[in-house]
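Protein chains in written order, with our numbering: chain P, 1 to 109; chain W, 1 to 115.
Since the hints were made in silico from the structure, they are not lab data. Take the hints with a grain of salt, since some may be wrong.
Stated by the list, open to error - Derived pair list, reagent style EDC-like, types lysine to aspartate or glutamate, alpha-carbon separation capped at 20 Å:
#1 P:K2 to W:D73
#2 W:K70 to W:D54
#3 P:K70 to P:E3
#4 W:K53 to W:E14
#5 P:K42 to W:D54
#6 P:K96 to W:E103
#7 W:K57 to W:E79
#8 P:K96 to P:E3
#9 P:K70 to P:E5
#10 W:K53 to W:D38
#11 P:K96 to P:E15
#12 W:K57 to P:E3
#13 P:K96 to W:E59
#14 W:K53 to P:E95
#15 P:K96 to W:D38
#16 P:K56 to W:E59
#17 W:K11 to W:E79
#18 P:K67 to P:D7
#19 P:K56 to P:D78
#20 P:K96 to W:E79
#21 P:K96 to P:D78
#22 P:K96 to W:D56
#23 P:K96 to W:D54
#24 P:K56 to P:D66
#25 P:K96 to W:E72
#26 P:K56 to W:E103
#27 P:K67 to P:E3
#28 P:K67 to W:E103
#29 P:K70 to W:D56
#30 P:K42 to W:D38
#31 P:K2 to W:E59
#32 W:K57 to W:E27
#33 P:K96 to P:E57
#34 P:K70 to P:D7
#35 W:K57 to P:E95
#36 W:K53 to W:E72
So the chains spell out like this:
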Amino acid sequence: QKEVEQDPGPLSVPEGAIVSLNCTYSNSAFQYFMWYRQYSRKGPELLMYTYSSGNKEDGRFTAQVDKSSKYISLFIRDSQPSDSATYLCAVSGNEKLTFGTGTRLTIIP
Amino acid sequence: DAGITQSPRHKVTETGTPVTLRCHQTENHRYMYWYRQDPGHGLRLIHYSYGVKDTDKGEVSDGYSVSRSKTEDFLLTLESATSSQTSVYFCAISLNWQGENTEAFFGQGTRLTVV
Chain P
1 QKEVEQDPGP
11 LSVPEGAIVS
21 LNCTYSNSAF
31 QYFMWYRQYS
41 RKGPELLMYT
51 YSSGNKEDGR
61 FTAQVDKSSK
71 YISLFIRDSQ
81 PSDSATYLCA
91 VSGNEKLTFG
101 TGTRLTIIP
Chain W
1 DAGITQSPRH
11 KVTETGTPVT
21 LRCHQTENHR
31 YMYWYRQDPG
41 HGLRLIHYSY
51 GVKDTDKGEV
61 SDGYSVSRSK
71 TEDFLLTLES
81 ATSSQTSVYF
91 CAISLNWQGE
101 NTEAFFGQGT
111 RLTVV
């Protein structure tokens, strides 16, 4: 079983829609959870990180962690064409960061 | 942008030749990582370092070695390049706080082609 599972998509939604991206993880010891955005031919850039369970909001983005179900989510409100990218979830544990495979998102104008 | 520089940015090399990729940071972060990114596999950890001369293997370390003689530099060497090592390689750095690695910052990547 992979430590982090992520639906690879692709996912296409119209501009202005709410986007929900999700990952599951296997190790209940993980405490730090991150979301990265990666544009084509660029390095991943940190979008948000959360510690333990709960929600964290930053503008149009909300990261949510449910440790009881080992489920992490990223919500994008009022999606824009500039949000079109690959989104990767990541968890921190045992000195390492483990990534999901990424979900490719396209926002259609 | 975090101060991470990868070099070279692009490289084409022949099968069987050794190749060294360099990652340089100006942030003085303790942890440095090398990942490779391939379609369908996402980012996979090759090796990481938790201090000068302190390194450990990741999930896809076969055929790779690393060295860290200074805090700011982390080198990845493909000892004898193979076509299966054609990939995009990313270096990352992170802090370690209370035993956990918090957010990592990535370089721009090195696109390596082995022919």
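Consistency of the hints with the structure:
Distance check on the hinted pair: K2 of chain P and D73 of chain W sit about 31 Å apart at the alpha-carbon level, beyond 20 Å; violated. Of the supplied pair hints, the one linking K70 of chain W and D54 of chain W holds, its CA atoms being roughly 11 Å apart against a limit of 20 Å. Taking the CA atoms of K70 of chain P and E3 of chain P, the gap is about 11 Å. The hint holds against a cut of 20 Å. Of the supplied pair hints, the one linking K53 of chain W and E14 of chain W is violated, its CA atoms being roughly 29 Å apart against a limit of 20 Å.
Between K42 of chain P and D54 of chain W, the direct Cα distance comes to roughly 28 Å. Violation of the 20 Å bound is thereby established for this hinted pair. With a CA separation close to 11 Å, the supplied pair K96 of chain P and E103 of chain W stays within the 20 Å bound. Note on K57 of chain W and E79 of chain W: the hinted pairing holds, with a Cα-Cα distance of about 15 Å set against a maximum of 20 Å. Taking the CA atoms of K96 of chain P and E3 of chain P, the gap is near 12 Å; set against the 20 Å cutoff, the hint holds.
For the hint pairing K70 of chain P with E5 of chain P, the CA-to-CA distance comes to about 11 Å; that is within 20 Å, so the pair holds. Taking the CA atoms of K53 of chain W and D38 of chain W, the gap is about 28 Å. The hint is violated against a cut of 20 Å. Between the alpha carbons of K96 of chain P and E15 of chain P the distance comes to roughly 36 Å, so the proposed pair goes past 20 Å and is violated. The suggested pairing of K57 of chain W with E3 of chain P holds, with an alpha-carbon distance near 17 Å, which does not exceed 20 Å.
Restraint check for K96 of chain P and E59 of chain W: the C-alpha separation of about 11 Å stays at or below 20 Å, so the hint holds. At roughly 16 Å between alpha-carbon atoms, K53 of chain W and E95 of chain P fall within 20 Å of each other, so this suggested pair holds. Between K96 of chain P and D38 of chain W the alpha-carbon distance is near 19 Å, which keeps this suggested pair within the 20 Å criterion. Distance check on the hinted pair: K56 of chain P and E59 of chain W sit about 30 Å apart at the alpha-carbon level, beyond 20 Å; violated.
The hinted pair formed by K11 of chain W and E79 of chain W meets the criterion: a straight-line CA distance of about 15 Å does not exceed 20 Å. The straight-line distance between the Cα atoms of K67 of chain P and D7 of chain P is roughly 19 Å, inside the 20 Å bound, and the hint therefore holds. Of the pairs offered as hints, the one joining K56 of chain P and D78 of chain P holds, with about 17 Å between alpha carbons and a cut-off of 20 Å not exceeded. Taking the CA atoms of K96 of chain P and E79 of chain W, the gap is about 24 Å. The hint is violated against a cut of 20 Å.
For the proposed pair K96 of chain P and D78 of chain P, the alpha carbon gap of about 33 Å is over 20 Å, so the pair is violated. The straight-line distance between the Cα atoms of K96 of chain P and D56 of chain W is roughly 10 Å, inside the 20 Å bound, and the hint therefore holds. Taking the CA atoms of K96 of chain P and D54 of chain W, the gap is near 14 Å; set against the 20 Å cutoff, the hint holds. Among the hinted pairs, K56 of chain P with D66 of chain P is consistent with the structure: their alpha-carbon atoms are about 12 Å apart, no more than 20 Å.
Between the alpha carbons of K96 of chain P and E72 of chain W the distance comes to roughly 19 Å, so the proposed pair stays at or under 20 Å and holds. Restraint check for K56 of chain P and E103 of chain W: satisfied, since their Cα atoms lie roughly 15 Å apart, inside the 20 Å limit. A C-alpha spacing of about 14 Å is found between K67 of chain P and E3 of chain P, which places the hinted pair at or below 20 Å, so the restraint holds. Among the hinted pairs, K67 of chain P with E103 of chain W is consistent with the structure: their alpha-carbon atoms are about 19 Å apart, no more than 20 Å.
With a C-alpha separation of about 27 Å, the suggested pairing of K70 of chain P with D56 of chain W is violated against the 20 Å cut-off. For the hint pairing K42 of chain P with D38 of chain W, the CA-to-CA distance comes to about 14 Å; that is within 20 Å, so the pair holds. Distance restraint check for K2 of chain P and E59 of chain W: the Cα-Cα separation of roughly 12 Å lies within the 20 Å cut-off, and the hinted pair is therefore satisfied. For a cut-off of 20 Å, the pair hint linking K57 of chain W to E27 of chain W is broken: about 23 Å separates their Cα positions.
Restraint check for K96 of chain P and E57 of chain P: not satisfied, since their Cα atoms lie roughly 25 Å apart, outside the 20 Å limit. With a C-alpha separation of about 15 Å, the suggested pairing of K70 of chain P with D7 of chain P holds against the 20 Å cut-off. For the suggested pair K57 of chain W and E95 of chain P, the alpha carbons sit about 11 Å apart, so the restraint of at most 20 Å is met. A threshold of 20 Å between alpha carbons decides the hint, and for K53 of chain W with E72 of chain W the separation of about 12 Å falls inside it, so the pair holds.
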